[in-house]
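> Chain by chain, the residues run as shown.
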Amino acid sequence: MSFVSQFKTAASVMSKDLRHRKIIRTALSNYEIVRDKRKASFQDWQGARQLAAETKWEAVNHLDKYLEEFVAKIEARGTKVHWASNAAQAREIVLQIVADKKAKSVIKSKAMTSEEIHLNDALEAVGLRVVESDLGELIVQLRKEAPYHIVFPSMHLTRDEINVLFQSELGSANTNDPEELTMIARRALRSKYLTADIGITGANFAIAETGMISITENEGNARLTAALPKTMISLIGIEKILPQLSDLALFLPMLATMGTGQALTCYNTMYSGPRQPGESDGPEEWHVVLLDNHRTELLADAEQRDALSCIRCGACLNVCPIFRNVGGHTYGTTYSGPIGSVITPHLRGLQDWKHLSGASSLCGACTETCPVKIDLHHHLLQNRRNAVKQKPSFGEKIAFKLFAFGASRPTLWKFGMELGRLFQPLQTLLHRTPLDPVKPWTQSRELPPLAEESFKDWWRNRK
Amino acid sequence: MSEREKILGRIREALKVEAHRPGAHGDGKRPAVFDPKISSPRKWLPLVGDSVDEQLALFAKNSVELKTDFQLLNSADEARSAIVALRDRENWKRIALHSGELTNVICPSLNLPLLRTDKNYDVTELEKCDAGISECDAFIAQTGSVLVTNRSAGGRALSVLPPHHVVLARRDQLVADLPAAFELLKKKYGANYPSMISFITGPSRTGDIERILVLGAHGPKQLTVICF
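Residue numbers (the numbering used here), protein chains in the order written: chain A, 245 to 707; chain B, 374 to 601.
Quick caveat, the hints were computed from the structure, so don't treat them as lab data.
With a cut-off of at most 20 angstroms between alpha-carbon atoms, the simulated EDC-like pairs for lysine to aspartate or glutamate come out as follows: (1) A:LYS324 to A:GLU336; (2) A:LYS324 to B:GLU376; (3) A:LYS617 to A:ASP545; (4) B:LYS379 to A:ASP545; (5) B:LYS561 to A:GLU523; (6) A:LYS436 to B:GLU500; (7) B:LYS389 to A:GLU547; (8) B:LYS559 to B:ASP545; (9) B:LYS410 to A:GLU453.
Covered stretches of chain B (in silico footprint by chain A; criterion: 3 or more residues with CB under 8 angstroms from a CB of chain A, positions within the stretch not fixed): (10) 384-394; (11) 494-503; (12) 512-526; (13) 549-561; (14) 569-576; (15) 580-589.
Below, a sample of chain A positions facing chain B; criterion: calculated Cβ distance under 7 angstroms: (16) SER285; (17) GLN287; (18) GLU298; (19) GLY380; (20) THR426; (21) ALA493; (22) CYS510.
Where is the CB? At the ideal position from N, CA and C, for every residue including glycine.
Put together the whole structure using the sequences plus the hints.
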């Protein structure tokens, strides 16, 4: 099945799924309240957005300079930096480290980059035990699913479903209490932490000035992943750069506000190296893998370059009427929602993924909510334009030529309208039957009736 | 050519075309307040109040919301009785700590078996401890956070592995807001940063099951800040 038909099929199923809609509404209505409360606590949220956007603009538009600074600083403290042009290279680098260390088990904290390169499959293929430690990620891993949402991976599941899953996969007792379920996961993962050979993390920011990465989390699983295993690997998109350490004073609270509606998430941690002389714990080795994987292609599109400012807060997903109706899995992409629809055509091919840019009401809620002011809904329009430019549709071309021909000839236009009025009752008869000529459109809509009298006639006939 | 050179080459090639700046209107000039090189975010972030008392009150208010147990005390003696009371209430059998100006003064009164994380230690032993007691670099009124580093707080794991994290802090370690915390880090550590710096904001939590808040996901279920 092609990507577009997979999307259409899943979307039509999900948008009628009332159970799904109820879960998403409950989950997101509380989010909206706390997010707005946090936004209101800022002295000037719009000012904060502008400064954040300017800061990421500076970083992304001088990416070469800041990346080199970041790498020089972080290497000076004994970290090994690897560069990966694509997903295959990134997997290869990680597999090589794993082989060198003769590792048997890996513990991971949440990293979208690892989803992007399908790292778990690659690690399991060579016989490693891979455990996701973020609770939501663990749940979707046990279900052999992709994360539903960038920030809330298991948002689509109820406590009862998680109870059934934990009973069958972790052999736990029957309970649907969220607290007890969380403790089951905590206990199950503790021993894994103590025995894992390698810890893998992502990063939310990479600081050029001081050569640090910053990881934002609530559970403490990333803190443990970066403390206990002997080897640590961090998989980072090259666009994560921020110029200065003090920029985090703005970005950490903004990410928390938009991501989860917190003032600050529970742990915001900056790492600048493996265990240093005189330090009592931490990994002996730290590998940082810098991932391009088509990001430079997005960078080359100056019009949409600001999409690289994304801090993956998930706010645009939460407000998107499309995401809320069709759900995260329908997209079939690593990054879903508006930001996913914008960047996936760059990351995985415009013609295969242009339909995502069509699945939008262009309401602009995403652009309005984005904390770094990415012009998301205009980028969706630009993707549509670029897709047509790259591969024009013959049918559409003819249709518009015919329309232009008719619309610029008043007599022909009038004749067409009369014809329309005459045959419209027929369309009502055929409505939603296979004979309906505009069925794809009328399937979920009513065709508005033509006015009985045109404006021109009304104007001429008024007394 | 190495992958590094290839990627940097592609970046330089891409950046030959200039992108417009965010929200650039009219002459496209940027007011100085939005120049990230010179502007501090302080004027946009939540207000904290000017006096130390206001800021302490804000930290206390944030702590309630975060479910941090914040105890504002007046002397080392009070701190000693507070930690002994914690020991009795939580029934601690064994604790972990690092040595420091405050822990050395307060913790001997606990009379419990200790694990020290100043030098090489056994992680499985740390896992068996009922509480980890550490100092901090600062605590932040604006967000209710405690700022620790692996140098000031006994390594990377002490503040996150045991089920209860107790922080000992001096009153003068209060800073107003996040920008002040980063200024402090720069001043204190400068060119030689600890390899881990962490802002801890309340006990560990998750909302991954139906967005319902549960404390103690992987890190400590309880966070106590004893300030004197």
